[in-house]
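Put together the whole structure using the sequences plus the hints.
Numbering (my numbering), first residue to last: 3 to 140.
None of these hints come from the bench; they were simulated from the model. For glycine and all other residues, C-beta sits at the position ideal for the given N, C-alpha and C. A few of these clues could be false.
Stated by the list, open to error - Computed spacing ranges between beta-carbons, pair by pair:
no.: 1; residue 1: D15; residue 2: R132; range: 27 to 37 Å
no.: 2; residue 1: P56; residue 2: G95; range: 25 to 35 Å
no.: 3; residue 1: L109; residue 2: D54; range: 16 to 26 Å
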Amino acid sequence: RERGLAGWFDAVDDEEQIVTITFFGGVDATLFNDLAGVNGEPFGWPFSGREDNPNAPKGGIAVARESLMTYDPVNDRKGGNILCIEQVPVEPGSSGVQIKVKCGMLLEGYRPRRIVRFYPATWKVEALPREEQFFGRE
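So this is what it looks like as structure tokens:
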């Protein structure tokens, strides 16, 4: 939970600000149950605006590298409401779990086939140890 659920963007709709994420396989399947959890607290910082529906599931998305390392997930997350949670055909490396998220703001790394880490709003996001962050390694 401290590192988020890893996956990749399948699609990014810039106009509607909706991203489609498919999660990697090899993950404890019970973690996907948390995607439907509702956290009644408002999003607040680091998100740029309020979620569309505070009573719907929501979460934050942090851009990750191919190594799955993130830069600074505490500060670099953007996100919003989870619009749908679907089962899709399982491909190599895929869990078959896919979500669509309505984002308040799209970041540069939000592009198809890019790697991300998703944090359901019910999970507490804490700073990772420096050796697990890519920030400062450029």
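Status of the hints after comparison with the structure:
1. Restraint check, D15 to R132: a C-beta distance of roughly 35 Å satisfies the suggested window 27 to 37 Å.
2. One distance hint, 25 to 35 Å for the beta-carbon pair P56 and G95, holds here, with the actual separation near 34 Å.
3. Roughly 18 Å separates the CB atoms of L109 and D54, a value that falls within the hinted 16 to 26 Å.
Violated hints: none; the structure is consistent with every hint.
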